[in-house]
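Starting from the known structure of chain S, fit chains L and B onto it as the hints suggest.
Residue numbers (my numbering), protein chains in the order written: chain S, 1 to 245; chain L, 1001 to 1326; chain B, 2001 to 2377.
Take these hints with a grain of salt, some might be off.
What the hints assert, rightly or not - Short, incomplete list of chain L residues facing chain B, as computed with Cβ under 7 angstroms:
hint, residue
1, S1039
2, W1042
3, D1047
4, L1178
5, D1179
6, P1190
7, I1194
8, D1266
What the hints assert, rightly or not - Restraint ranges, calculated between C-beta atoms of paired labels, are given here:
hint, chain 1, residue 1, chain 2, residue 2, range
9, B, N2287, L, R1269, 54 to 64 angstroms
10, L, I1151, S, N6, 43 to 53 angstroms
11, B, P2338, L, L1297, 29 to 39 angstroms
12, B, A2156, L, A1158, 40 to 50 angstroms
13, B, Q2322, L, F1291, 35 to 45 angstroms
14, B, P2289, L, I1151, 36 to 46 angstroms
To be clear, the hints were calculated from the coordinates, so they are not data collected in a lab.
Note that the coordinates shown come from a computational prediction; the quantities given were computed from them, not determined experimentally.
We treat Cβ as the ideally placed atom computed from N, Cα and C, and that holds for glycine.
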Amino acid sequence: MLETKNLCYHLKNRTLLKEISLSFTTGKLWGIVGLNGSGKSTLLKNLSGIWKPTSGELLWQGAPLLDNDRRNISRTVTLVPQNPQIHFNYTVDQFVAMGRYPHDKALHAQKELPKVLELVDATHLRGQVMTQLSCGERQRVYIARAVLTASPIMLFDEPTASLDIGHQQLIWQMLRDLADSGKLVIVSLHDLMAASKFCDEIVLLHEGNCIATGPFNSTITPNRLQEIFGINEKNCTISPTMCYK
Amino acid sequence: MKYSLWATLVVCSIATLILGPTSLETVWQGVLERFSGTSDSWNPLLDERLPRLLVLIATGASLSVAGGVMQSLFQNPLASPGVLGMTAGSSLSILIVLITGCHIIYPFAIPIAAIGGCLLTIMIIWSLSRCHGMYHLILTGIALSTTLIAIHGVIVYALRDQWQLMQTIAEWEAGSTLDRTWQHAHMQLPLTIIGLIGCWRYRREINILALGDEDACNLGVDVDTVRWRLFICVALLIGGAMAAVGVIAFFGLVLPHVIRRLQGPDNIRLIPLCAIAGATVLVLLDNILRFFTIHWLSIGNLSAALGGIFFLGLLVQQLRQGATYA
Amino acid sequence: MKKRLFIPLPYLLSITFIIVWWVIAFNSHEKTVPTKELTQTCTQPESVILSKLDRQTIRRALDGDLTTIVQLLTDWDIDARLIQDEGVLPNEQFCHAMSLARQLQQETEETSARLLPQTFVSASFLLALSPPENIIALPKAMRRHRHLYPGDKMDAISLDIDGYNTEILAKNKPDLAFIAPYSHPSTVQTLKNQGIELLSIDNISSVDEVIESLHRVGKAINENRRATLLALFIEAALNTVDNHLSAWCEAGNILPKRPLYLTRVMNFAIPTEKTLQAKLLHRLGINQPNVNDTIAWQHCIDLETIAHYTPDCLIISCSDTQAIHNLIDQSKALKHTPAVATRRVFCIDEETQNAPCQYLVLAYFDIAEALKMGGNG
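Here chain S stands alone, though its shape is the one from the complex:
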């Protein structure tokens, strides 16, 4: 279990996370939803240790996660960022293989590479240069790298944002499979329909506060939809994600 206790994060006189206390159990697919600027990405970066929480605790299986050295932390938790930028022409193979860095040697990187690329339907991208991929293709490669890291906690910051509907389905299914295999999978997303379809538990953030957590129906209530998202349920249009099988 991954726990946060009164987790706070301040940046330049702004409090981006306010005393977040959550318990993420493994074997589940967690969705973090909220408006833009509610703190979803910030929370993920705090959970991964990329940004050190200003105060509070972050515990993994009862022990402080961030008390380890960086390599150990990365063996435990990995994050797929949103809109990553790459400045050099690494090939897809080179890039994905970096996912094994947290492990002392690039163990089995070359053996595992084809499998993880197949998972994200990126086998045909092997040998291509990362800077020449589309946003969606790049996103899939990042996901493949995260899978190769094989950490028990996997965080995804809007993993399907740049993907077409077919690949969105694929990625959601993959995330589902990862969760089912016993990993703790946490995804931040805007798509409430996908959240309702795929996520076991939802965390609703608003202005850095955790408003509610739990199954979708009990967390995203019509009142909250109205108050936080400004959406009247009756006036919701059908989202393309309703096409999910």
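Same frame as chain S, but now just chains L and B:
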């Protein structure tokens, strides 16, 4: 490419060792006498050409690898020791040493000043530009470089009446491989060895750092520690090169750029290739200047001119192809 | 967070490695050539019948002192006739010189032109030809070289030429300013704008050009006679140095067979044909290697080439004698050259060597003295 570079380096090295006013026969005789213990008189090959060759190899390798590492560390193919002001910082420190004359009593003053200047500059650039993106980094480098060059200019202007000092400074800044002795080689080699070992040790980390701090952190790199150690390695490499030869422009920018375009950005291959390519090119340039007895051009001038022209050509070609940078 | 104990170890190992390398490398050097005073006065005997050539006296004459000029010309003429049955100058010129000297000694009228020399060369000519009161200011930093230029005359001139005192200089209403082709264009323009007459002295790279420039300056300030006398003195002085050298050789002394003249700043260099120094060396019969270049002023020369040349006498124009001592002491390359092995390495004043004015006589004198000291096998 690696094999052709090695072959060129070997050929140029042999040329460096055998070309000179003293006949090969006399030189070789002296070498044999030295090794047999019958004579310890000065021998051109053992006491001048060989240390010069080592200095050239060390300098070329240092500058090229340092440039490649800087480009990866700052996620910017335009980052180079020159653009980021490290050469200017190093040069200013050496200028102060030359003016005070303490290098006459303490020969170590020059490499220590070179390393110190370089390290201080990197620290200032990093502390001012971190987390602000690549354009801010380059602008900070240019601003600091301009400031250091201005200070340099103030000092030189104030002392312009001392023409001997002016000549010393001019020769220093043009880069010179004249009369490089074992003193220069001994000054530079330990710095180069440590610097290159350090860069090689962190070759995988450099690859990951090229993706950005957050992603590197995400992948398990202790970003602050590794970067700091790489800064020190680069400072040792640049400081050693500046102390031994002077200012050699464009090596840290153009060569790694070219190598990266030819074989990709993977530092596991890039670092050794940069080292070999840098060494080869510098030895080759020195051979050209000596073979054609070109007295009015220094090796620094030549490398700057060729590097600049080459880089312009590269940029024009890139613009035509509409490619992103390597 | 756990801290591994060996975190500082890489730094420790690296620093230790570097320090140990440097200590071993630089402590293993030992001095193989004992240090000695390289500059000596020449003790080889010359013909006792010649007058003694004293550098300070010659310098005083070059400063423009008429009495000294006359005395020296007289002595040298006698010396020349003793050696070669001819005077130090052709009879006509000698008589002309003496006549000029007498005229100048009896003259009480002085010119009152207000002069502004922008260059060291023009200033040195003016200090010899004109009273200091006529010179408004000296080029900046000239005062530092009191060992070459006349200190008492320079002290009598209070101003220095500096970009910041243009107005003060202009207030003194100079009649004539002396510039050079390399003078700062804006300075030249300012002088023109102030309505000051300008005379440009070109780069000087031969004895004839020195004489010619001296005449031009003399003509410009209406001191033709002084200029002519000084020019004749220069010629006589050079001839006298040659005569004394010949006499020295005829007394049974031998000049070095392979002398090498070098300059030293960062590296050693040889002056090319383009320079005045090369002309002086040529006059003394010193043939330097690889000097046929009319574009560059000097060619750098490495230690291997010097060693390969096997000079039996090294004459080094430098500013820091001690540094040259150290360099020669520590140089394995030069250790076995005949010059170093027989302790014939002589340092001469760089400033004097690089002064393309009447003090070229002192430069010539210094080289000749070094040759004599380096001689006798």
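Status of the hints after comparison with the structure:
1. At its closest, the beta carbon of S1039/L sits 10 angstroms from a beta carbon of chain B; the interface hint therefore is violated under the 7 angstroms criterion.
2. With a least beta-carbon distance of about 4 angstroms to chain B, the hint placing W1042/L at the interface is held under the 7 angstroms criterion.
3. Because the smallest distance between the Cβ of D1047/L and any Cβ of chain B comes to about 6 angstroms, under 7 angstroms, the interface hint for this residue holds.
4. Annotation: L1178/L was flagged as interfacial toward chain B, and the flag holds, the nearest CB pair being 5 angstroms apart, inside 7 angstroms.
5. Against a cut-off of 7 angstroms between C-beta atoms, the interface hint on D1179/L holds, since the closest Cβ of chain B lies about 5 angstroms away.
6. A hinted interface residue such as P1190/L counts as satisfied when its beta carbon comes closer than 7 angstroms to some beta carbon of chain B; here the least separation is about 4 angstroms, so the hint holds.
7. Taking 7 angstroms as the C-beta cut-off, the interface hint given for I1194/L holds, the closest approach to chain B being about 5 angstroms.
8. For the restraint placing D1266/L at the interface with chain B, the shortest Cβ-Cβ distance is roughly 24 angstroms, beyond the 7 angstroms limit, so the hint is violated.
9. The supplied range of 54 to 64 angstroms is met by N2287/B and R1269/L, whose beta-carbon atoms lie about 55 angstroms from each other.
10. In this structure the supplied range 43 to 53 angstroms holds for I1151/L paired with N6/S, their Cβ-Cβ distance being about 50 angstroms.
11. In this structure, P2338/B and L1297/L meet the distance hint of 29 to 39 angstroms, their C-beta atoms being roughly 33 angstroms apart.
12. The hinted range of 40 to 50 angstroms is not satisfied by A2156/B and A1158/L, whose Cβ atoms lie roughly 28 angstroms apart.
13. Between Q2322/B and F1291/L the C-beta distance comes to about 36 angstroms, which sits within the given range of 35 to 45 angstroms.
14. Range check, P2289/B to I1151/L: about 41 angstroms between beta-carbon atoms, so the 36 to 46 angstroms window is met.
Hint compliance for this structure: hints 1, 8 and 12 are broken, all remaining hints hold.
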